[in-house]
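Going down the list, the sequences are from chains A and B.
Just so it is clear: in the first sequence, position 109 is 109 by the working numbering, and no numbers are missing.
Just so it is clear: in the second sequence, position 85 is 85 by the working numbering, and no numbers are missing.
One or more hints might be untrue.
[Claimed, not checked] Pairs of lysine to aspartate or glutamate, EDC-like flavour, derived with a Cα cap of 20 Å:
#1 B:Lys57 - A:Asp57
#2 A:Lys45 - A:Asp82
#3 B:Lys102 - A:Asp77
#4 B:Lys57 - B:Asp38
#5 A:Lys100 - B:Glu79
#6 A:Lys100 - B:Asp56
#7 B:Lys57 - A:Glu3
#8 A:Lys100 - B:Asp59
#9 B:Lys65 - B:Glu1
#10 A:Lys100 - B:Asp38
#11 B:Lys17 - B:Glu62
#12 A:Lys100 - A:Glu43
#13 A:Lys45 - A:Asp57
#14 A:Lys42 - B:Glu62
#15 B:Lys17 - B:Glu1
#16 A:Lys79 - A:Glu99
#17 A:Lys2 - A:Glu99
#18 A:Lys2 - B:Asp38
#19 A:Lys100 - B:Glu101
#20 A:Lys45 - B:Glu101
#21 B:Lys17 - B:Glu30
#22 B:Lys102 - A:Glu15
#23 A:Lys45 - B:Glu1
#24 A:Lys100 - B:Glu30
#25 B:Lys102 - A:Asp7
#26 A:Lys45 - B:Glu79
#27 A:Lys42 - B:Glu30
#28 B:Lys102 - A:Glu43
#29 B:Lys57 - A:Glu5
#30 A:Lys100 - A:Glu5
#31 A:Lys2 - B:Asp59
#32 B:Lys18 - B:Glu79
Hints were generated in silico from the structure; no laboratory data involved.
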Amino acid sequence: RKEVEQDPGPFNVPEGATVAFNCTYSNSASQSFFWYRQDCRKEPKLLMSVYSSGNEDGRFTAQLNRASQYISLLIRDSKLSDSATYLCVVNSISNFGNEKLTFGTGTRLTIIP
Amino acid sequence: EAQVTQNPRYLITVTGKKLTVTCSQNMNHEYMSWYRQDPGLGLRQIYYSMNVEVTDKGDVPEGYKVSRKEKRNFPLILESPSPNQTSLYFCASSFSGTANEKLFFGSGTQLSVL
């Protein structure tokens with residue numbers, strides 16, 4: 001099982017719609033969770049951290065479900081500018097015993113006019 | 001402006017010809033890291049550095065070298081590049097490298113090894 005798994009998509013969603021996608025993680029000891037956004041072939045940028053109680057930032061809502069080991073991202077009233085790949089990022093322990101961040105392969109989202 | 005600067009943006013080379021990709025940050029960050037991104041595999045960590053003169057292997061260090069002689073610079077060296085090192089490379093930094101910190105990424109280097 002991969003450490004971090006995401007549905008690669010693509011999700012093609014009409015403008016104004018609500019879209020949600022999940023990310024599952026395998027390490028039950030993980031404590032830090034993030035969503036990064038990556039535009040085509042550009043650098044990833046932090047979208048939001050994910051807190052235990054769930055958190056919201058404008059149209060974006062992130063949730064954490066520790067029992068089922070997944071995090072989710074909800075985008076309301078989607079805009080054309082939301083078209084991007086969304087990377088799920090989770091902390092874990094590397095093969096060498098140190099803490100590291102593990103990136104999912106990303107979910108591709110396209111907002112259609 | 002706070003940033004991570006990588007150069008070059010694009011690089012085409014031939015097998016066996018040594019190359020260096022530079023990375024510099026102006027935020028006085030202690031932690032710096034190199035990743036490669038390949039289709040279907042996500043970002044994988046190559047090497048990281050917690051501070052000057054302190055470097056450690058990531059998940060895919062084979063075929064790469066790094067150095068951290070100064071806090072701001074963290075070059076990635078490919079002594080003898082091979083075609084399987086064709087990839088999109090990102091340098092990243094954060095204040096101290098703890099897992100709950102935001103990572104700042106450079107704009108990427110697309111490397112093609114022929």
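Going down the list of hints, with the structure as the test:
A C-alpha spacing of about 35 Å is found between Lys57 (chain B) and Asp57 (chain A), which places the hinted pair above 20 Å, so the restraint is violated. This hinted pair checks out: Lys45 (chain A) and Asp82 (chain A) have alpha carbons roughly 13 Å apart, not beyond 20 Å. Using a Cα cut-off of 20 Å, the hinted pair Lys102 (chain B) and Asp77 (chain A) is violated, with the two alpha carbons roughly 26 Å apart. Taking the CA atoms of Lys57 (chain B) and Asp38 (chain B), the gap is about 19 Å. The hint holds against a cut of 20 Å.
Our distance criterion of 20 Å between C-alpha atoms is broken by Lys100 (chain A) and Glu79 (chain B), whose separation comes to about 26 Å. As the CA atoms of Lys100 (chain A) and Asp56 (chain B) are separated by approximately 12 Å, the hinted pair is consistent with the 20 Å bound. For the given pair, Lys57 (chain B) sits about 19 Å from Glu3 (chain A) by alpha-carbon distance, which is consistent with the 20 Å threshold. Between Lys100 (chain A) and Asp59 (chain B) the CA atoms are separated by roughly 10 Å; this keeps the pair inside 20 Å, and the hint holds.
At roughly 29 Å between alpha-carbon atoms, Lys65 (chain B) and Glu1 (chain B) are farther apart than 20 Å, so this suggested pair is violated. Proposed proximity of Lys100 (chain A) and Asp38 (chain B) is supported: the alpha carbons are some 19 Å apart, at most 20 Å. Of the supplied pair hints, the one linking Lys17 (chain B) and Glu62 (chain B) holds, its CA atoms being roughly 16 Å apart against a limit of 20 Å. Of the pairs offered as hints, the one joining Lys100 (chain A) and Glu43 (chain A) holds, with about 19 Å between alpha carbons and a cut-off of 20 Å not exceeded.
In summary, the hint linking Lys45 (chain A) to Asp57 (chain A) is supported, as the alpha carbons are separated by about 15 Å, within the 20 Å threshold. A distance of roughly 25 Å separates the Cα atoms of Lys42 (chain A) and Glu62 (chain B); the hinted pair therefore is violated under the 20 Å criterion. Note on Lys17 (chain B) and Glu1 (chain B): the hinted pairing is violated, with a Cα-Cα distance of about 34 Å set against a maximum of 20 Å. Taking the CA atoms of Lys79 (chain A) and Glu99 (chain A), the gap is about 36 Å. The hint is violated against a cut of 20 Å.
A threshold of 20 Å between alpha carbons decides the hint, and for Lys2 (chain A) with Glu99 (chain A) the separation of about 17 Å falls inside it, so the pair holds. Restraint check for Lys2 (chain A) and Asp38 (chain B): satisfied, since their Cα atoms lie roughly 16 Å apart, inside the 20 Å limit. Annotation: proposed proximity of Lys100 (chain A) to Glu101 (chain B) holds, straight-line Cα distance about 11 Å (limit 20 Å). Distance restraint check for Lys45 (chain A) and Glu101 (chain B): the Cα-Cα separation of roughly 12 Å lies within the 20 Å cut-off, and the hinted pair is therefore satisfied.
Only pairs whose Cα atoms come within 20 Å are accepted, and Lys17 (chain B) paired with Glu30 (chain B) is rejected, the gap being roughly 31 Å. A C-alpha spacing of about 29 Å is found between Lys102 (chain B) and Glu15 (chain A), which places the hinted pair above 20 Å, so the restraint is violated. The suggested pairing of Lys45 (chain A) with Glu1 (chain B) holds, with an alpha-carbon distance near 16 Å, which does not exceed 20 Å. For the proposed pair Lys100 (chain A) and Glu30 (chain B), the alpha carbon gap of about 15 Å is at most 20 Å, so the pair holds.
A threshold of 20 Å between alpha carbons decides the hint, and for Lys102 (chain B) with Asp7 (chain A) the separation of about 24 Å lies outside it, so the pair is violated. With a C-alpha separation of about 30 Å, the suggested pairing of Lys45 (chain A) with Glu79 (chain B) is violated against the 20 Å cut-off. Taken as a hint, the Lys42 (chain A) and Glu30 (chain B) pair is broken in the structure, with Cα atoms around 24 Å apart against an allowance of 20 Å. For the given pair, Lys102 (chain B) sits about 13 Å from Glu43 (chain A) by alpha-carbon distance, which is consistent with the 20 Å threshold.
For the given pair, Lys57 (chain B) sits about 23 Å from Glu5 (chain A) by alpha-carbon distance, which is inconsistent with the 20 Å threshold. Restraint check: the Cα-Cα separation between Lys100 (chain A) and Glu5 (chain A) comes to about 16 Å, which is no more than 20 Å; the hinted pair holds. A C-alpha spacing of about 14 Å is found between Lys2 (chain A) and Asp59 (chain B), which places the hinted pair at or below 20 Å, so the restraint holds. For the proposed pair Lys18 (chain B) and Glu79 (chain B), the alpha carbon gap of about 5 Å is at most 20 Å, so the pair holds.
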